[in-house]
Each structure stands twice: as C-alpha cells, then as structure tokens.
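> Please construct the entire structure, taking both the sequences and the accompanying hints into account.
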Amino acid sequence: MELAFNFTVQEGIALESDMPYTARDQSCPSFKAAVKAAGYVKNPVNDAAAFETALATKGPMSVTVAAGSWQLYGGGIFQGCSKGQDETLDHGVQAVGYTKDYWIVRNSWGPGWGEKGYIRLSRASDAQTFINKDPADGTACKPLPKSQTIGGECGILFDTSYPTGVSAASEGIVV
Numbered sequence: 001m002e003l004a005f006n007f008t009v010q011e012g013i014a015l016e017s018d019m020p021y022t023a024r025d026q027s028c029p030s031f032k033a034a035v036k037a038a039g040y041v042k043n044p045v046n047d048a049a050a051f052e053t054a055l056a057t058k059g060p061m062s063v064t065v066a067a068g069s070w071q072l073y074g075g076g077i078f079q080g081c082s083k084g085q086d087e088t089l090d091h092g093v094q095a096v097g098y099t100k101d102y103w104i105v106r107n108s109w110g111p112g113w114g115e116k117g118y119i120r121l122s123r124a125s126d127a128q129t130f131i132n133k134d135p136a137d138g139t140a141c142k143p144l145p146k147s148q149t150i151g152g153e154c155g156i157l158f159d160t161s162y163p164t165g166v167s168a169a170s171e172g173i174v175v
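Using UniProt numbering, the letters of the sequence shown map in sequence onto residues 1 to 175.
FYI, nobody ran anything at the bench for these hints, they're computed from the structure.
Restraint-style ranges between C-beta atoms, simulated for each label pair:
(1) Ala-127 / Ala-169: 34 to 44 Å
(2) Gly-68 / Glu-2: 20 to 30 Å
(3) Thr-164 / Arg-24: 29 to 39 Å
(4) Glu-115 / Met-19: 20 to 30 Å
(5) Val-96 / Ser-17: 17 to 27 Å
(6) Arg-106 / Ser-147: 26 to 36 Å
(7) Ala-49 / Pro-111: 23 to 33 Å
The C-beta atom is built at its ideal place from N, Cα and C for all residues, glycine as well.
See below:
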C-alpha cells in the first residue's frame, strides 16, 4: 500500500467513475487528479486490536491481502486462506467495518463479485500468523525481506494503513 499512497501524495488519484476497473492489463491512461493526500499512517503490524481501533476511529483502511483463493467467493464468512499454509500477499482492498466474527472488506472487482463487491473475512485466525514467502508481490518496498510474518485471515492484519490530509484536487468534489 505504501507505493499507492506515495503515488497519491505525489500525483493524486482519479475518481473511480473516470477510471473504472477493467480486469485486464493495459497501459495507464493519463488522468486529472480529483483527490490528493498529504501522507498516510501505517498501523501496527499483525495487531487486530490496533486495526479495529483505527477502523472505528479513522474510517476505511487500505489493506494488502492474499486474494488468490477469492475468485469463487459467493458469500458468507470466508475462511479459505491461512489453513496452515503459507500465503502470498497479492491484492490491495479496503476494510470498511467489522464485527466480533469477521472483517468487512470492499474489493475492486465490482458488484457482481462476492456479496455485491464485498467479502467477510473470518476473525477466527486473527491471532494466527503465517509466512509470506514472496514479499515482492504484495508490498514491493525495498529492502525486500526473504519472507514476512503475516497475521489474520488472508493476511489482512499485516499491511494496514489510511491516508491523512485528504483534500479535493479540484472544486466541486466532496471528500
């Protein structure tokens, strides 16, 4: 998420309506920045209590997850990751809420996927940790360690953050 936040601080981001997700590789079109951020805060690594507090007090969080097993998700509380296996963090999503049993996560794959674009990740494995043996796929920030200890279902607790100093880059946009 650090690379995305650094880009947002330097360049800003477009509205989703101006640059919708297309589910295919393509070159990035030029865009007019609609929103900018002054910086970002990284939450403590693999700390469910700190993540819950930040989510409740700061709002939606950017998170990096292992989403390789999400393609066929159609609903319910997901427990398809972290079955004693190593995971690879490979996807950025937005955590938007929680209950004592699950995290509520908004995906970028559109409303036709999951529960109208959302997935509920079980909190049963909040205290468990797993090994990410391919850090370049998910975090890509140097120096790259050979492996990382990630926590929670699909590694949701490892790389969580939120923007600071968010402002409209042009008039007429409510942030």
